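**Q** Residue numbers (my numbering), protein chains in the order written: chain A, 19 to 502; chain B, 3 to 481; chain C, 20 to 113.
The set of hints was computed from the structure by calculation and includes no laboratory data. A quick note: this is a predicted structure, and the numbers were derived from the prediction, not measured. Just so you know, not all the hints are guaranteed correct.
Said to hold, decoys possible - Computed cross-link-like contacts, SDA-like style, restricted to lysine to any residue with a CA-CA straight-line distance of at most 20 Å: (1) K131/B - V107/C; (2) K399/A - I69/C; (3) K81/B - A274/B.
To be verified - Between beta-carbon pairs, the in silico distance windows are: (4) E39/C - K298/A: 53 to 63 Å; (5) T400/B - L80/C: 45 to 55 Å; (6) D63/C - D211/B: 33 to 43 Å.
Note that CB positions come from ideal geometry on N, CA and C, so glycine has one too.
Here is how the chains run, residue by residue.
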Amino acid sequence: MNLSNSSISEINKLYKSKELKPSEVYEEVFTNASLSESIIHAHLKLFQEEGIEASKLSDERFAEGKQLSDLDGIPIAIKDNINLKNHETTCSSKILSNYVSPYDATVITKLRNSGVVFTGKTNLDEFAMGSSTENSAFGPTKNPWNPEHVPGGSSGGSAAVVSVGSALASLGSDTGGSIRQPASFCGVVGFKPTYGTVSRYGLVAFASSLDQIGPITNSVEDAKIIFNSIKGHDPLDATSIQDTSIEIPEDKTAKVGVIKELMEDGISDESKNEVEKTIKLLEEQGNKVVEVSLPLTKMALSIYYLIAPAECSANLSRLDGVRYGSRESGETSYEMIENTRAEGFGEEVKKRILLGTYALSAGYYDAYYGQALKARSLITKDFDNIFQEVDYLISPTTPTPAFKFGEKTENPLEMYMSDLCTIPANLAGLPAISIPTGLSNQNMPLSIQLMSPARTDSSLLKFSEKLEKLVAFNQRTPLLKDMK
Amino acid sequence: MNMIPTIGMETHVELNTNSKMFCNCAVVETEVPNISLCPTCLGLPGALPVPNLKAIESITMLALSANCSITNNGMFHRKNYFYPDLPKNYQISQFDLPVGVNGSLEIILDESTETIEIERIHMEEDTGKSIHKGSGRIDSATSTLLDFNRSGVPLVEIVTKPIIRSSKEAVSYIEELRQLVIDLGISEGKLEKGNLRFDANISVAQEGDKELGVKVEIKNMNSLRSLEKAIDYEIKRQTNLIAANKEIIQETRHWDEDKEVTSSMRSKEGSADYRYFSDPDLPNMILSEEFIDNIKKEIPTLPSEKRKKVSDTGLSLSESNHLSKSEGWIYDLYLNTQKITNDSKTTYNFITGELQGQLRKVEMEILPEWVSSERLSEIILMINDNKISFTSGKEILTNLIKNDINPNEFAETNNLIQENDFEEIGKIVKDVIEANNDVVQRIKDGEDKLIGFLVGQIIKSSGGNINPSIAKDLLLKEL
Amino acid sequence: MKKDIDIKSVAKLAAINLSEHEEKKLEKDLNIILEHVEALSKMDIDDEEISIHPLGEILNLREDISSEFLTHDEAMSNSPETEDGHFVVPPSLD
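Using the sequences and the hints, build the whole thing.
**A** Pasting the structure below:
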């Protein structure tokens, strides 16, 4: 049995029946890491000793029948923009390369209390800005399906570790698609919850009104288990919503909408095919599928690329070399700050900070940021209207499968286009999930995306589980198979 | 050319909440640096703000007391600028939807009431403290030390309309505002501790000009005296510049306490672009009518109301103002004592002059609990009834401060009761005149000064207990 | 709307000391992006309301209770330079 690609609930069963021990599973994922890291560079830090210790404590708990939860003893990797106490939280940036966090993010506290074993911190595009992990200051992560291709971003490392089995699951963060897109590129499941359902306390903020932490896993069920463990109102996060969940009645005949604008030019034939293939399966099961229109879809990119940089320009102001992080010299503190930020930030981060600063500056606020906020309400309204007609929405997760390194780094807009399908859900705060469905002609993973109304996360996950069974895509990256 | 000054005041009040504005760290008063910190007020990556309910209640109470309209659907904004004592390099503040707008505060200037219009009252957070090390001059520091204990403390900013006309008016306004926040119980209001800080915006214009002159901001005035001196200096400086046909530069100037001048600060090119935008970490803040009504119910007696109560007893505006700004026990003691004595002026003078003076002399800050309005009014009534002299009254007070005594009994026991009987006094007067014929003669010859000597003799021979003014009258009659 | 970005002044506001080479590249890239968002800036949507939270949540305020979080050492642990319990920076002029 290939342990590392099994589901969490399968392994938990084996722990409980004592056929398997957490330390054994940890040893296997760590072996996978040792074998794969030199190729894919997904982890920035591997916690070997700490992981062994934690898994041994979990062994004891299961031996005594005192396991903390269904996640006890499960090895999970954490994206390096989520604070883990007494560990470096670098955000893949030079400016935080030596920063050791003195506190745990709320999601980490919850997972710790569940008995999770942390395998290490994973690579990302610097400060979560990017769609390929090429923007990491510590070198890119490679796609386990084909190391010449990107794993996606910004949670490229988190997706790659799950794909290759050097963790059973991981946490990523999603601002414009940064969980779903890399999950899609790496052939695993990626779930972005309704905005506000998972606390952002301890997640290094990129765009505060768009960021959400979510799981990247081998199956939808695993995503559900982790989501249930990390969700919940947090008094430390003023944007975290009360624990109100809305259920979509579980009908065999769910109504699903295909977003017209995401099946047009700009989307590869292969990606469109996956959606069509999936629609057929749904219809065979008695679900009704109709075409719907989200006319502001094209505008969504512009809205996102004004709101996100504006918010991040202020969120990253605190990186100044005064109280933590790297520091350059300067005659005055202002000079020191200017030099520190010039030296410590990569190009993409500088670009977005400057774009955001400009969009907020005197004389331009109304035309750019102010305008984007208003347009955003329109998108939310459009979704509200569509959800009067349908229960779920389906679209490709990405316009294409994973592209090659360097393929989209010339024109600033090209990379941004890869977020076309994922951005709308962030703007409207909707839950969205990417489910792998097949392989391209080049043997690279393909996926579809499902969305549902805000707060209907558990219904979306239930429906996705059903869909996952229908699709029955069970292929894994050949990387380790070839190596073992 | 008559130049009219226009002054607007910007005041920051530190609230006396237990915890900071956006986190649970304690608001501390300590010399030890950097001991009350968390990821939020230290500006660590990943930290988030959650506003303090008590702070919002306090600012709402202040805004209501200042007759402001309360913004029901408000929000917080980020004010972006880089400075080492500002951990996030933005301050969470309020921009176009502050808690309170369009209010007013009644102040007393000389013997009349003025209304100072208030533009806005909004909520924000304080910064850390910077200590510049080096040769001592502000512009030749070698390094800057930072303490973030104060970072995140709740701060209320009150901005007046440009409506103040003199330094005295500005001082009176700050005194009123300070008393208000103290009486509301939302701040200690101690200037020397930095609980209340203010900047002044000053311009001058020719009488009759519709437009205001160029506005100059003055910072670093740490006391009311500095405020008054700085405003006077700046008005003169601007007036002189205009008289010499020179330009007034719109800038921020620093009040130099030692040199007693305002001087240019190292200014940045142009005015700052703070790039205000609504803070995405803080959803809309709804202050419902119910919330506002509940706060209204909690508002205690305001300084202006205290003044009215006092002036209704017959004191002048400035006397009423003085009592409204004295410590609460003095105000209460006055009202309670006056109720019994029915003599406002004497009661006022006795309490603010005699009582406070004597307490100061023996370095007592707290009034002994037995020094009640009943005891004090006994003394005052005895004086008013001519039962004892004013001097005796002072003596009884001295003893009352030391021990709980019954003033009447004390007066009798200590022979302080005055003789008021004309016949009795007349006898003594006659005796003294007989014993001092030569002095009498000299008085008759014009040496009026010696009248006092004879009165003294009369009082002496009586053992000190006769009414001195009756004695004097009778003496003069005899002469 | 003015399309060409004044990169020097924006970099000043953002406190980033760009090299000349960076200035040129970023100016070019940003102008491309701004051109792309031009259509959005021209949309006629003046009447729309702004809401901070995508789900329209309203703010929950917190009780005024104080509690300890970081020790002094934890707070100072990442500081590039400290003195007498203070963070130290080159002189910050007013």
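**Q** Now, for every hint given, state plainly whether the structure supports it.
**A** How the hints compare with the structure:
Pair hint K131/B plus V107/C holds up; C-alpha atoms about 12 Å apart against a cutoff of 20 Å. In summary, the hint linking K399/A to I69/C is supported, as the alpha carbons are separated by about 13 Å, within the 20 Å threshold. About 10 Å separates the Cα atoms of K81/B and A274/B, which keeps this hinted pair within 20 Å; it holds. Roughly 57 Å separates the CB atoms of E39/C and K298/A, a value that falls within the hinted 53 to 63 Å.
Against the hinted window of 45 to 55 Å, the Cβ-Cβ separation of T400/B and L80/C comes to about 53 Å, which satisfies the hint. A hinted range of 33 to 43 Å holds for the C-beta pair D63/C and D211/B, which are about 41 Å apart.
Hint compliance for this structure: every hint is met.
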